[in-house]
Amino acid sequence: MSAENVNQKYQQIWQTVQCIPFGKVASYGQVADLAGLPGRARLVGKALGKVPNGVWQGQSVPWFRVINSQGKISFAQGSDAFEKQRKLLQDEQVVVLHGRVKLKEFQWQPDITELLHKLSY
DNA sequence: TACATGACACCTA
DNA sequence: ATAGGTGCCATGT
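123 is the number that our numbering gives the last residue of the first sequence; the numbers go up by one with no jumps.
Treat the hints with care, since some could be wrong.
What the hints assert, rightly or not - Calculated pairs, BS3-like style, for lysine-lysine (alpha carbon to alpha carbon, straight line, at most 30 Å):
(1) K11 with K26
(2) K52 with K86
(3) K86 with K11
(4) K89 with K11
(5) K74 with K86
(6) K11 with K74
(7) K120 with K26
Said to hold, decoys possible - Computed spacing ranges between beta-carbons, pair by pair:
(8) Q79 with D113: 19 to 27 Å
(9) S62 with D82: 14 to 22 Å
(10) Q20 with S76: 16 to 24 Å
(11) G51 with P23: 16 to 24 Å
No lab work stands behind these hints, which were simulated from the structure alone. Everything numeric in this text was worked out from a predicted model, so none of it was measured. Every residue gets a Cβ at the ideal spot worked out from N, C-alpha and C, and that includes glycine.
Work out the full structure, taking the sequences as your base and the hints as a guide.
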């Protein structure tokens, strides 16, 4: 696996995450699937930790809108990262209780046609 | 080369 | 709801 290929995968992931709208969340697996990388949820976490300055292509990457498939924040409760993510989510009206978000209410339901328009792969 | 380690997901208890 | 086992694969040692 060449470095270029890896970087391309990261970019697909970043681009997909940028499509998650304000006030909504997506799971790592969901992002992986939409990014054309089914079964690669763990790669999404890696990619999010590697966004240069939290920005890609002049747009911020809302990493905090990505949580696990159970609706939980994946950082350890009480950690700085955990608190930061909780705050950022609550700042956009996403309810976080016990480190968990109700996916029924807040999970992003992507519009396929809109997505095809936005994603370049 | 081998092994450990993840911002995970899925299935079974 | 929680816990353990397995699959996954890029990274780091």
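For this session: Could you check the hint for me, namely that Q20 and S76 are 16 to 24 Å apart, CB to CB?
Result: holds (19 Å)
Exercise. Taken at face value, is the distance from the CA of K11 to the CA of K89 at most 30 Å?
Worked result: holds (28 Å)
Exercise. If you draw a straight line from the CA of K86 to the CA of K11, is it 30 Å or shorter?
Worked result: holds (26 Å)
Exercise. So the hint says 14 to 22 Å: do the beta-carbon atoms of S62 and D82 match that?
Worked result: Between S62 and D82, where Cβ atoms are some 19 Å apart, the hint holds.
Problem set entry | Agreement of K11 and K26 with the hint, judged by alpha carbon distance not exceeding 30 Å | holds (23 Å)
Exercise. Quick one, are K74 and K86 close enough, alpha carbons at most 30 Å?
Worked result: holds (14 Å)
Problem set entry | Given hint K26 paired with K120 - CA-CA distance at most 30 Å | holds (17 Å)
For this session: Hint says 16 to 24 Å; check whether the CB-CB distance for G51 and P23 agrees.
Result: Holds, since G51 and P23 (Cβ atoms, about 22 Å apart) stay within the stated range.
For this session: With respect to the beta-carbon atoms only, verify the hint that Q79 and D113 lie 19 to 27 Å apart.
Result: violated (33 Å)
Exercise. Keeping to a limit of 30 Å between CA atoms, is the pair of K52 and K86 held or broken?
Worked result: holds (17 Å)
Problem set entry | Proposed proximity, K74 with K11 (alpha carbon, max 30 Å) | holds (24 Å)
Of the numbered hints listed earlier, the single one contradicted by the structure is hint 8.
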